[in-house]
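S.K.: Letter by letter, the chains look like this.
There are 2 protein chains.
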Amino acid sequence: MTAHAPTEQLGPGTDLAEVFELAQQLRVDSVRASTSAGSGHPTSSLSAADLMAVLMARHLRYDWDDPGNPANDHLVFSKGHASPLLYAMFRAAGVVGEDELMRTYRRFGSRLQGHPTPVLPWVDVATGSLGQGIAYAVGIALAGRELERQPYRVWTLCGDSEMAEGSVWEALDKAGRHRLANFVAVVDVNRLGQCGPTELGWDTGAYARRAEAFGCRTITIDGHDLGAVDQALATAADDQAPTVVLARTVKGRGVSEVADQEGWHGKPLPEDLADRAVAELGGVRNLSVRGPRPPAGARATRPAARPAPLPRYDAGKDVATRSAFGKALAALGARPDVVVLDAEVGNSTHTEDFKKAHPERYFETYIAEQQMIATAVAMGVRGYRPYAATFAAFLTRAHDFIRMAAVSQVPMALCGSHCGVEIGADGPSQMGLEDLAMMRAVHGSTVLYPSDATSATALTAAMADLPGISYLRTTRGAYPVLYAPEENFPVGGSKTPRRSDHDTVTLVGAGVTLHECLAAADQLAADGIHARVVDLYCVKPVDAATLARAARETGALVIAEDHHPEGGLGEAVLSALSAERLAPAVAHLAVTVLPGSGTTAELLDDAGISRTHIARAARALTGGQGLP
Amino acid sequence: MTAHAPTEQLGPGTDLAEVFELAQQLRVDSVRASTSAGSGHPTSSLSAADLMAVLMARHLRYDWDDPGNPANDHLVFSKGHASPLLYAMFRAAGVVGEDELMRTYRRFGSRLQGHPTPVLPWVDVATGSLGQGIAYAVGIALAGRELERQPYRVWTLCGDSEMAEGSVWEALDKAGRHRLANFVAVVDVNRLGQCGPTELGWDTGAYARRAEAFGCRTITIDGHDLGAVDQALATAADDQAPTVVLARTVKGRGVSEVADQEGWHGKPLPEDLADRAVAELGGVRNLSVRGPRPPAGARATRPAARPAPLPRYDAGKDVATRSAFGKALAALGARPDVVVLDAEVGNSTHTEDFKKAHPERYFETYIAEQQMIATAVAMGVRGYRPYAATFAAFLTRAHDFIRMAAVSQVPMALCGSHCGVEIGADGPSQMGLEDLAMMRAVHGSTVLYPSDATSATALTAAMADLPGISYLRTTRGAYPVLYAPEENFPVGGSKTPRRSDHDTVTLVGAGVTLHECLAAADQLAADGIHARVVDLYCVKPVDAATLARAARETGALVIAEDHHPEGGLGEAVLSALSAERLAPAVAHLAVTVLPGSGTTAELLDDAGISRTHIARAARALTGGQGLP
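If you're matching them up, the sequences are chains A and B in order.
In our numbering, each residue's number is its place in the first sequence (first place is 1) plus 1.
In our numbering, each residue's number is its place in the second sequence (first place is 1) plus 1.
Certain hints may be false.
If chains are identical, the list can't say which one is meant, so a pair holds when it fits in one copy or spans any two.
[What the hints assert, rightly or not] Derived DMTMM-like pairs (lysine to aspartate or glutamate); straight-line CA-CA distance at most 20 Å:
(1) Lys268 to Glu353
(2) Lys268 to Glu147
(3) Lys357 to Glu147
(4) Lys357 to Glu263
(5) Lys318 to Glu200
(6) Lys318 to Asp523
(7) Lys318 to Glu488
Since the hints were made in silico from the structure, they are not lab data.
Chain A extracted, bound-state conformation:
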């Protein structure tokens, strides 16, 4: 099972006999790579090898020497577990060598990971959570047509098992709605999933009816008939309609001992079987293929950032942070790289302000949060600065997409509105009470939680230049503006709106609880208790220095948050204090009840996070003692 340097170069005019050889090479390399690694999915690669050989030799317009060419087509492996096939294609393209494939696949430190990630320059997005790649592909197709205005096509290879994911239908709905003629999904209907037969087996008709009902053109073929595949991909590339190619295939195709057999999902072939498989497939080949090139002369359309003047607010005026977010977004729209996505709540999150100012960069995904995030990720991949917003509670719907976006290391700004019991009468289904825990635990995330319009404005603007995933938590109700427009709100910082040299307790809050802390400080002051108040507008990374100083100087902290006690503001503070080995007396007030409907004041009080509870906790921590 050794191989040598490429012996034959296949060009764009590659005929189908040569494509057959290429397909066999992809199979051989899929088997060899996974066997050498001792893990991986060879059989899922074998079923799709013919599809991908035809695609790369004759339809994928891609400059392998310049993956950044803005006119390059895109290929997203939605069935990311078929990475042996993808990496075999990279070897055939000459961008990954024999050694790298055979010696590093799935090993520590390798860029050829078990599932593809963008550490590889030819991979746009991380896949491996099924039902996601197709959603990103739709988003890239939308970006290509609506933002970049590039001629590229977006191809995605899907497994049949993943068609059971609702996210697939959110994606195809948008492909159909936007008539994304530059989008092609190729579904490898190999009939067998991880645990046995798939839900629909080889019923390509059922898949076709569904895809058509969602507004896509479908072409059903035998996925091992190279001529049929070629014709299908040519039709798909006619730029007439979003297309779903349903390819009936055989899992393990080409290796008679495993073909169409259950029990071979996700298993490398043992070495002896791998040897027989390679022999059956005609041995190791060293074909090199360069398919069609992208249209020449395309120029990068990645827009440059441009400064944007931001709204200013007068201190004391009541303004909701969600409103300030919307107005800041509208102003940020002066930057041509800023795009905004909505899940049909733009009049609640206030992204509608951006829509009014920049409708051409506002994308309505309707109530499909997974596709909203997927489109945001795709636009981030293409160099834009996406902001996606919905209720904080409903961002949980897209948690898996947010998690995977972190693996893709894409920049993306999220906003979750209507956090906490503060929202009042709508009740718990609409209350974000776990979003801080969700967003803090995202790899590399920044978590922001402004309390007033000035800070909300500054932080909204800051998100446009942050790496990775940033999150802004906004509040439904209007509260007084606390800061002058000149104030800075660095990421990782905090504010201390109330302090003295005699403080005996520190009240830590953000959002509505900051205003409750300020009111509590007033109550305490009336009793002669000096309370410092810290506005923790940045929950991750948290301002450990200010918290440590407050702990040292006052000895007691009351932390109040409109969130469940786990994973939010309180635990962020405790982590920071622990790192400094500080143990002030701490009262951690958070929502432990199951809330119902009511007014904001009633619900804050019922949850034990109101000014009354904060003041009471502070009195308890300080022994109730005021000034002498």
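Using the hints, position chain B against chain A.
M.R.: Same frame as chain A, now just chain B:
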């Protein structure tokens, strides 16, 4: 706008003229209730009033005096924001009074919350996160047919906007696949969403093509033609096929000033407009309606719990906790109330062990995690003890359903396998690194994380009797059995497998990191450093007493977790210590890198959570000093 006691009682034979009066009453009450509350969704209620009037008067077989009657039909308001309509129906049924409706709706302490929850005896599940109710309805229909074998039908009222959610198509796919002839979805196609026209407007044909492609029968009607509605519901109730009724309606129907107008979503009518609306609708009525009764003689089929002998493991043997989970589940199957749900990874999570033993109570939902959780919730609602399992990483896909299940206060056991970097070569897409944060932040949850087969077995069994949502985190690899079969593992407890009176540091771990802690303790012992080891098998509620004692006695803690640093084991420990006002020296080791592929040992080491790092951190905390 006052009303009196019911003046006329409508029975099962109610004719359509009387139904018209009932529909107008539901409209009047929807307007009155939301105006009195000052918030709510009257226009979304007005569009569906005719549909619900026909349903409750002539088709819903329900004993309003006995909501626990096992033969009762079920009605799930997937468009939960139409709660004024639902509560108006309850008033018409005579189970909610005029005073309660008008004086408590959406107020603090009321059971008539902004969105329906099961604090009301006639509500099965909490709704309000769109696209979920239909999924629960499918689950209840499946439970009725496959488990309870009751004749009930499940009706669900959906909005048209929510049809954009992928979860809707996961649900209809399962309705079609299982041929759930006892399932009827009524879609209120009123054309207007929160922000304006919906994606598909009044294109009922598009909805019909989609629902049919997913295996459901469809009936398209004018949703205000009472005769057509009646005929459609009669057909839907013929027990021949899962049915989706697509009803073209007008948002705000019956109130000419708002009918089919944008800008009225989620807004109560101002009082003067409400007065005119009530007048236009014919004034306040006091009809009382009792529709068809359920078939007589149905007996509760809720199965009784039965003790189940559990597998026993010999100490020292290498067994994966995921394997122990599967075997424990299979044994627990002796309890006829235990049901298991899979998302096509049963051979990875080991739920397949249950499938082999009890195939009739094993439900394969394929790769549709949202529907898996929805079905589990539904079976929990119907008195069963559901266990649902997939990779920990992919439970994030269903986060919003888990969040809402907590609002429903339903018992449900979840298992997330393949947690952390421990899984090795598959890479980050498959690694659960945020599941502890997600599950700890769920209201009322219990979070378990066993390190060996004995504890995994005991905790799996314990979950069958826990209230609310419990979560078991399992590990891919096999590690030594640590405990004898007789050991108890109470929820809220911990184990201390290594301790002495001379301990100068405590190592806290769970899962793979507990085994790393034990190895580190061996290394430290060789240096003369006595390390206590705490097995934190219960992460929520956490064993604060044991941790506090360890902190007091040893003064230093190393906490190691195969999870991101936020919201997991470490912060659970810090919260517990803070409550005790303890500040031992703490080293918190967690996964801060973005992992790739590799072996378990390589990835644990790269993430800084291996035995080497634990021992190094312990030496640093103790000043490296061993015994004199």
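S.K.: Confirm or reject each hint.
M.R.: Here is what the structure says about each hint:
In this assembly of identical chains, the alpha carbons of Lys268 and Glu353 lie at most 20 Å apart only when taken from different copies (18 Å versus 50 Å within one copy). Taking CA atoms no more than 20 Å apart as the test, Lys268 paired with Glu147 passes in neither setting, with 42 Å inside one copy and 34 Å between copies. In this assembly of identical chains, the alpha carbons of Lys357 and Glu147 lie at most 20 Å apart only when taken from the same copy (17 Å versus 52 Å across copies). Taking CA atoms no more than 20 Å apart as the test, Lys357 paired with Glu263 passes between copies only; the shortest distance there is 17 Å, against 55 Å inside one copy.
Taking the shortest alpha-carbon separations for Lys318 and Glu200, neither the intra-copy value of 58 Å nor the inter-copy value of 38 Å comes in at or below 20 Å. Taking identical chains as interchangeable, the C-alpha atoms of Lys318 and Asp523 lie at most 20 Å apart only when both belong to the same chain, with a minimum of 19 Å there against 62 Å between chains. With identical chains, the CA atoms of Lys318 and Glu488 are at most 20 Å apart within one copy only, with a shortest distance of 16 Å there and 62 Å across copies.
In summary, the numbered hints that this structure violates are 2 and 5.
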